Each structure stands twice: as structure tokens, then as C-alpha cells.
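Undergrad: Spelled out from the first residue to the last, the chains are:
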Amino acid sequence: GAVVSQHPSRVICKSGTSVKIECRSLDFQATTMFWYRQFPKQSLMLMATSNEGSKATYEQGVEKDKFLINHASLTLSTLTVTSAHPEDSSFYICSASRQGHNSPLHFGNGTRLTVT
Amino acid sequence: AQKITQTQPGMFVQEKEAVTLDCTYDTSDPSYGLFWYKQPSSGEMIFLIYQGSYDQQNATEGRYSLNFQKARKSANLVISASQLGDSAMYFCAMRESPMDSSYKLIFGSGTRLLVRP
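Keeping their order, the protein sequence lines are chains A and B.
Heads up: the first sequence at position 2 corresponds to 2 in our numbering, and the numbers run straight through without jumps.
Heads up: the second sequence at position 56 corresponds to 56 in our numbering, and the numbers run straight through without jumps.
Worth flagging that the hints you see were computed from the coordinates, not collected in a lab.
No experiment lies behind these values; they were computed from the predicted model shown.
For glycine and all other residues, C-beta sits at the position ideal for the given N, C-alpha and C.
Only true hints are included.
Below, a sample of chain A positions facing chain B; criterion: calculated Cβ distance under 10 Å:
(1) 59
(2) 97
(3) 112
Below, a list of computed lysine-lysine pairs in the DSS-like style, where the Cα atoms sit at most 27 Å apart:
(4) 41(A) with 3(B)
(5) 64(A) with 20(A)
(6) 41(A) with 66(A)
(7) 66(A) with 20(A)
(8) 41(A) with 73(B)
(9) 64(A) with 3(B)
(10) 73(B) with 3(B)
(11) 55(A) with 20(A)
(12) 55(A) with 66(A)
Let the sequences and hints guide you as you build the complete structure.
TA: In C-alpha cells:
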């Protein structure tokens with residue numbers, strides 16, 4: 001069964017509003033979670049590494065103030081897209097891994113965000 | 001520079017035949033891991049197979065096997081006895097061993113596989 005749960009699966013919002021996406025690890029504690037973004041027919045681009053109890057680490061070119069990440073517990077990370085614009089429309093997918101270099105990332109089912 | 005390269009944007013294979021999806025990587029880290037994921041049209045990411053840089057044997061998982069050629073820095077995925085349900089995007093990914101011990105994966109551009117009946 002799923003080990004990472006992501007909600008919502010789809011969201012439509014108006015420009016200027018904020019959207020929160022939740023990512024939960026279901027049967028293990030994840031001190032680190034990862035947020036990826038995927039444009040249609042493209043690869044997954046790492047946006048940021050979410051660290052429990054500390055600030056997220058953002059990849060180059062990702063706006064920290066637009067994509068707020070909070071990792072308040074060992075099983076929950078949230079991504080908030082602030083003041084959304086149509087160009088933020090995308091597929092956002094979170095992931096988490098058990099400890100161990102050879103442990104695969106387990107992915108949520110993704111959130112398709114459409115900003116109108 | 002690209003760390004993970006998948007040179008085949010799209011591939012066709014006849015049902016029940018085998019297919020190889022190419023992946024080359026670039027790293028100076030002696031310790032790394034290579035992963036393959038399948039992404040159906042639904043969008044979920046399904047883990048298929050893992051190969052560690054120190055593994056002596058090629059990884060296998062059911063109909064999936066990994067042709068790991070370390071000197072050439074390639075980690076091709078072989079799918080045997082293709083099934084219609086194998087039609088999907090396939091991503092190769094790499095994890096290095098940075099000092100911060102993060103376990104992030106870097107993905108290649110993907111290969112879209114279409115299995116013909």
C-alpha cells in the first residue's frame with residue numbers, strides 16, 4: 001500500500017490566492033522529504049528539501065517566498081504556493097525515504113494545480 | 001552539466017518482446033545509487049529497481065533487470081516479456097552521497113515506452 005500520502009490530488013484556484021499541499025509519510029518517520037515539480041511531458045525537477053524542525057533547502061532558481069515549505073513533524077510536510085499565478089500551474093509531487101542510502105524515494109500521488 | 005541522461009525520448013516495443021531503456025550518468029562520487037521509476041499516465045511514481053555503485057551483480061526484480069556498466073557509467077533498464085501495462089514514462093535517477101547526507105534523487109528526462117499489441 002501507499003507509504004506517502006499527498007492531498008489534494010487536484011486543485012483549481014484563482015490568481016492571487018494561496019494553495020497548501022500536504023504530504024504525509026504513513027508508516028515511517030521522515031526527517032527529510034522532497035518536493036518536486038513536473039511540467040507536462042517533462043522530468044521531475046527538485047524544488048526543495050524539507051527538513052523536520054529546520055528550514056527547507058531550496059534548489060537554485062526556486063523562490064523561497066513563493067513556495068513555502070513547513071516540516072512541522074516527522075510525518076508531515078506542507079508546500080504552500082503563495083499568491084499563485086497561472087505559470088505556477090503544474091504537477092507537484094512529494095516524496096520521502098526511509099533511512100539508508102539504498103532506500104528508494106516513495107512518492108505521493110501528486111497534486112495537479114491549475115491557477116486560473 | 002547533465003547528471004543523468006536518457007537519450008531515448010520515445011520507444012516502441014512489441015508485446016512479449018524485451019526492451020532496453022538507456023541511462024547514462026555523471027558523477028565523481030565513488031558511492032552512489034541508481035534507481036528506475038515508472039510513471040503511468042495517472043502520474044504516480046512507481047519504484048522499479050535499484051543498483052548501488054558497489055554492487056557486484058546486476059540488480060533484478062521480476063521482469064526488470066539493470067544492465068550496470070560502471071566503467072561506461074551506464075545503467076540501462078531491461079524489461080523482459082513486455083506487457084501492455086508497461087506503457088508509461090520511465091525515469092532513471094541517481095542519488096549521490098553528499099556531506100549533508102540528503103537522500104535527494106536527480107532524475108533524467110525520461111523515456112516514453114509504448115507497448116504494441
